[in-house]
Amino acid sequence: MNLVMRTLAAAVLLAGSPAAAQFSDSYSFIKAVKDKDVGKATELAEKPGTIVANARDADTGEGGIHITTRRTDLPWVGFMLKYGANVNMKDRDGNTPLMLATVARWTDGVNLFVRVKAQPNLQNRLGETALLKAVQARDLQIVEMLLGAGANPDLADNSGTSARDVAKADPRAAAIAKRLAEVAEKKVRPAQGPSI
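Count the sequence shown with mature numbering (1 follows the signal peptide of the UniProt record, and there is no 0) and you get residues -21 to -1, 1 to 175, in order.
Hints may contain errors.
To be verified - In silico lysine-lysine, DSS-like type, Cα no more than 30 Å apart, as pairs:
1) K96 with K157
2) K13 with K61
3) K96 with K13
4) K165 with K147
5) K166 with K15
6) K10 with K96
7) K96 with K166
8) K166 with K147
9) K165 with K61
It is worth saying that the hints were derived from the structure and are not from the lab.
Assemble the whole structure, with the sequences as input and the hints as a guide.
Encoded structure:
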């Protein structure tokens, strides 16, 4: 009986090893990204059988692409994209890298994310889009970039307010309101799927 128990325990430990190794690789990768350790990050990203580019920080829910976007680090964002990071990955609050670049008013980052086809109409947990955040920041240049990428000024957040509404209501955003007035109103279709 004792031999059977030891054999079962060994089997359980061996079966858990790949998952434990992946967790360890994910943790190590996020740490390397935070520490800007390109050697370690490259080693882990190129390790056969692992995909760590979309690993998340266990505490914040951020992926490496969020971390590098927050610090407006174009070479590191490029590194993340090279190794397959999901450009539309959401953090715990539902923010995408495009949203973070918009909030930081980082035009190079917004331009890169638009070029690699980041989805401009994704919404965070509050229902906000990158365009809504650009209008709130009164950043006409980023508004133009997002409109060029197909951003919908009529998507409403959870409070029912759209980017177009914010621009109209803010006297300091007259240029943006004028630009959004040139964009035809887009009908927002209801979400697909079962309704409750």
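Results for each hint:
| no. | hint | in the structure |
| --- | --- | --- |
| 1 | K96 with K157 | holds (26 Å) |
| 2 | K13 with K61 | holds (17 Å) |
| 3 | K96 with K13 | holds (25 Å) |
| 4 | K165 with K147 | holds (16 Å) |
| 5 | K166 with K15 | violated (44 Å) |
| 6 | K10 with K96 | holds (27 Å) |
| 7 | K96 with K166 | holds (22 Å) |
| 8 | K166 with K147 | holds (18 Å) |
| 9 | K165 with K61 | violated (34 Å) |
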